[in-house]
Every structure is written in structure tokens, then in C-alpha cells.
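J.: Fit the two chains together into the complex; they arrive one by one in their own frames, and the hints show the way.
So the protein lines, in turn, are chains A and B.
Counting from 3, one number per residue, gives the positions in the first sequence under the working numbering.
Counting from 1026, one number per residue, gives the positions in the second sequence under the working numbering.
Don't read these hints as lab results, they were simulated from the structure.
Not close to chain A: a few residues of chain B, all C-beta gaps over 12 Å, as computed:
{"id": "1", "residue": "G1056"}
{"id": "2", "residue": "G1106"}
{"id": "3", "residue": "S1129"}
{"id": "4", "residue": "R1142"}
{"id": "5", "residue": "L1159"}
{"id": "6", "residue": "G1160"}
{"id": "7", "residue": "E1168"}
{"id": "8", "residue": "T1173"}
{"id": "9", "residue": "R1175"}
{"id": "10", "residue": "T1177"}
{"id": "11", "residue": "A1179"}
{"id": "12", "residue": "L1191"}
{"id": "13", "residue": "H1196"}
Between beta-carbon pairs, the in silico distance windows are:
{"id": "14", "chain 1": "A", "residue 1": "L216", "chain 2": "B", "residue 2": "S1129", "range": "46 to 54 Å"}
{"id": "15", "chain 1": "B", "residue 1": "G1032", "chain 2": "A", "residue 2": "R155", "range": "12 to 20 Å"}
{"id": "16", "chain 1": "A", "residue 1": "R50", "chain 2": "B", "residue 2": "G1032", "range": "43 to 51 Å"}
Note that the Cβ used here is the ideal one computed from N, Cα and C, for glycine as well.
One-letter residues, chain by chain:
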Amino acid sequence: MSDAARHEALIDALGAELTPVRRLLPPWRRALGWLAVVAVIAVALFVRYGAGTMLHRWSAAPDLGLAACGAVITAITAALASFVLAVPGRSIRWAWLPVPSALVWIGASGLGCLRAHIPGMPVLNLHAANDCLIFIVSFSIPLSGLMIWLLRRACPLRPVLTAVLVGLASAAASASLLEICHNFDAAASDLLMHAVAITLVVGLNALMGGRLLLKG
Amino acid sequence: MAAAQAGDQRAYTRVLNDSVALIRAVARRQGVAVDALDDVVQETLLTVHRVRHTFDPSRSYDAWLSAIAARRAIDLLRSHGRREHREVHDEFAMDTHADREDASTGTLRQQEAERLRKAIETLPPGQREAVEQLGLKERSLAEAAERTGRNTGALKVNLHRALKTLRDRLHGES
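In isolation and in its complexed conformation, chain B is listed as follows (with noise of 0.2 Å):
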């Protein structure tokens, strides 16, 4: 470490590769689950390298490690802790909070929607402009005919046109 101090960028890859091990002991220690210890090692290799300058070659590099590590360890078990307080446990989300759906019906209706822009796209020119303002773009009838330059019951034909059209194909096909 006090390689790295100086700048040893091979010096300092090899120390931090070598403490690994102590610091998901020391983070055992405290009492990490073993699925949250490589957080802890993320966490303590991040901080070690902001306060590397802390360290006193004259002094053990283990217990200043393990020092990190063992505050960086309390952390977590800290902010699971209070997410842990602030969250419903599954199991009674389960049973009050069930979801509705089950997972097939977002596919479902990411594919019936696909099915009505592909629809969409096929509508002669002057109808397709029409569902697009009025129906996608939620446009009124007035801002529609600014933009299209159609006037307002030549819209309103190809808005009810289009969606006659539509509605032929998408029962049509299923």
C-alpha cells in the first residue's frame, strides 16, 4: 500500500486484489448475509481508494482495512435494515396486495398493440393523418385542421372512416 501511496498502479491493483478475502470476512463477521458480502467489498475498495492517503505504513494495513470494511459492513446492515422497516414483506403483499394480472398479460397487450399501429400503417394517407392527430396525439379537431390543412368535417370523415377500417381488420383477424 505504501507503493501505492507513491502512484504503483501494479503495487496497488495486487493489494486491493489481495484484500478481498479479508474484507468479506470481516463483513461475515458483522453479520452480512453471504449474497450482500460482495457489496461490502464494492463499497470498501471504493473507500479505500478516496482515504488511501490515511494510511501509515508504519501501522498495520490489516487493521486499517479491516477498520473499512467493518463500517462499511454496519452500513449496509443499516440501510437494509431500514429498508426491511420501510417495506411490506412478500408474503403479505402476496395476500393483500396480489397483482391482478398475471405476467402473460403485458405481452399480450404489447402485442395487440403492435397489431393496431401495424394496422394504423396500412390506412390510406388521409385517414391514417386523422387517427394519428386526433386519436394518438389527443390534438382537438380545431388544432388538427391548422396542421393538416384539411378542414374540420373532412377529418372528421377519415377519423370515422379509418376507424371503421380498423375495426373490420384487427375482428377480422383475431
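The following block holds chain A by itself, in its conformation from the complex (with noise of 0.2 Å):
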């Protein structure tokens, strides 16, 4: 069989198979959703905790704050280039989208370490780090899991990038909820569990999420 028979063939079979499709929903209104099922995971935390802790430890330490505005705009940027990305034909400049945000929460929450503690807030020990580690961790794997399924309904064609977006995104938005129930001043031991909780969510969904998003 000659290739342009070949062509016709398979073509001549593919429209024969056809059925109508739903359209994707716009990138910006899927990583709405996502943001939605973390929105909804915040309300919970505040219920139970209240702001009142969060917002004096912003008050006192304004850094603390940023970093967390940092944290929450990166987890925003981060799913939304995510799922732009999982389009084809879309720019990989998308990619850069979250790089801004990402900086400030990283250097808002090193610059932390550099200042005086706050009056009355205990300093966390390694032991009670661990826990921030356990919390990004465990709100990290289902995060991305779920945005791994939305993700893969589309069509990622750079399966790692989109991967490394997605642990960012979601590794970003634990942070960031961890930041309503964290009642302790920032260390340097927290600060390097947070690092190492993020670069393992990170470095975890490269590794796996690209193939999980790959579909044959």
C-alpha cells in the first residue's frame, strides 16, 4: 500500500469512528476549579483556626506575609500555566508565568531568617518542622493528583514541564493553607523543612507526573 493510500485509509477509518466531543473548557476556567477545591480546603482551616493567629504573625512580621502572598499567587500562576501548557499549540513562555511570584515567596520567606523573632512565639524545633513537612507533603499528593486527572483529559505535550508546573502549583497552595494554621514564628530548621517538603513535591511529580500524563 502506498503512503497516500495509507493516509487515506486510516484517515477514511478515523472518520468513520467519529462521534461528536465535548470541547475543552477554556485553561483559565479548569484552573479555576482546581483553585475552587483548594478555596474550599481554606475555608475549612479557617473554620477550625480562625485568622486571628495568621494575621498577627503578618502584623509583626510583614515578610511573612509577603511570603505567603508569594505562595498564593504562585500556586495561582503555576495552575493556570499549567493547564494552558496542556493545550496544544499554546507558548511555552506560559512556563515563566509563575517564576515572579515564586521568587518573592522564596526570597520573602529566606529573608525571614535574617530578622529578629517575633515577641511571644515559640521557635520552632526540628521535630515540630517534621510536621510542616508531613502537612505539605500529604495536601501536596492529593493536589496533584487531582490536577494530574484534569490535566490529563487534555494534552500535555511537555509531560515534565507540565509536571514541574503542577507540583509547584501544588506544593504552592499546601503553603499556603499551611499559612492559616502555622502558629509559629519562621526558623531557619521551618524554613529548610518548607524547602525541602517543596523541592521533593516538585522534584516527585517530574519524575512521575510526567509519566502519568503521557497517555500512549
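T.: Here's what the structure looks like:
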């Protein structure tokens, strides 16, 4: 069979089994869906813990507030970028979208180590810092899983890059959620644990998510 | 494509037929060899079919298709790269592991087997049975005796006679 005839045969076969499809929603609408789930968890945490501690920390140390804002914006922009990149033909430049806010988040968190401690707030020891690690990782896993499941309905042509963004979005979302119930001043050990947790989440996503996003 | 998403088969086959040239051009640009271009076309068409719901009619169809074609082209180049890495280059293989037999050997062997099969068919029933059971199916004397209902002595004699007949016949022919 010649190549042209092969293509024609395939096209006829594909045409014969054509069924109407429901078009994918625009990336921003899909990102909004995922963020809504995060928002529901946030509301639940606010109901449980209240906003008092968080606001007290922020007023005593504005850099923590800045870091938290960075994390929230990173979660939003990374989620949007990964949903956009999962659609064929969209520019790879979208991957840069969460970078500025991620820099603010990481930079402001790092600066927290340099300033004086908030009076009256306990400084985290290494054992308690472990809880942060567990919190971030255990929230990131279902959030990443949900996003990968949503992304699989699209067509991520760059699975590893998309998976890195998924990891970044879920780690940032988890860190933002942690902020609500984080009753400690930032300390080097704590920040280290945050960094370990985020690297773990992003790394695991890059390693596994790439494969999970690939559909034959 | 927007019509195809709604289930219009004619629009779909038309847009796919029109897509072949662009897919080939994209694959060529990615560095795919001319003889492998059509494999990229096939893979891309299959992917397009699977992910046709991701096309947004408010955006460019060509950009959407090109991205998929470029991906499939890269996949093909990678899989070829892996295969070449794993497989020994032909010339090298010829030098070190050249075939011991030429191409006609297989045919000759087949012809011989055919002659033997015909010769076996012309044997008297008792002898043929012995050859089939003991020689071809490699059964033991006891098993063959059980299946044929003959005693082992008779089977041995029949096999012996059969082999003699076959030897005479085949040698006589060649």
C-alpha cells in the first residue's frame, strides 16, 4: 500500500468512528475549578483555626505576609500555566508565569531567617518542623493527583515541564494552606523543611507526573 | 475542525486530508528523514483524533496541529535514536557475524523436507505409523505401543523397515 493510500485509509477509518466531542473548557476556567477545591480546604481550615494567629504573625513580621502572598499567587499562576501548557499550540513562555511570584515567595521566606523573632511566639524546633514537611507533602499529593487527573483530559505535549508546574502549584497551595494553621515564627529549620517539602513535591511530580501525563 | 468536533464526518476527513502536507513539513523541519515522514503523519493523525476535543476554534488550527506533529516527530526521532544505539550497524554486523549460509539454503532445506514428507506418505500403513510415532512425534516405544495398540517389537521392526525404505527411496532419487 502506498503512503498516500495508507493515510487515506486511516483518515477514512478515523472519519468512520467520529463521534461528537465536548470541547475542553478554556484553561482559566479549568484552573479555577482546581483552585476552588483549594479554596474549600482553606475555608475549612479558617473555620477550624480562625484567622487571628495568621494575622498576628503577619502584622508582627510583614515579610511572612509577603511570602504567603507570593505562595498564593504562585499557586494561582502555576495552576493556570499548567492548564494552558496542556493545550497543544500554546506558547511555552507560559511556563515563566509563576516565576516572579515564586521568587517573591522564596525570597521573602529566606529573609525571614535574617530578622529578629516575633516576641511571644515559639520558635519551631526540628521535630515540629517535621510536621510542616508532613503537612505540605500530604496536602500536595491529593492536590497534584487531582490536577494530573484534570490535565490528562487535555493533551500535555511537554509532560515533564507540565508536571513541574503541577508540583509547584500544589506545593505553593499547600504552603499557603499551612500558613492558616502555622502557629510558629519562621526559623531556619522550619524554612529548611518547607524548602525540602517543596523540592520533594516538585521533584516527585517531575519524576512520576511526566509519565502519568503521557497517554500513549 | 470545529464542525468535526460536532461530529461532521465530511468536514473531518477533509480537514485531515488537508493536514497531511503541514504535518510532513513540520516533521521535515524537526529533522525527520524523508522515508520516515509518513510514520509521523500516521502517528499525528491518530493523536489528532484522540485529542480533537482540545482544539479551540477561536485559535489557530495550524498552530495546534503543528505542535502535535512536532511532538510526534520528536518521539519518532527519539525512538529511532534509541534503536540505533541498541542495534549493531549493518556493515559491522556483516563483518563479524556474516551468515554462514546463503539465501538459497533455506529453500533447499524446505524442498528436502517436502520430499521426505511425500516419501513417508507412500510408506505402508504400519511403517508410516512407526515413523510418525517414534520419529516425528518423538514418543517412547511404550507410549507409541499404547497409542497404536501394537507391541514394541512390531513397532521396532516397522521403524527399521521404514527407515530402510526411505533411505533407499531418497538416495535413489538424488
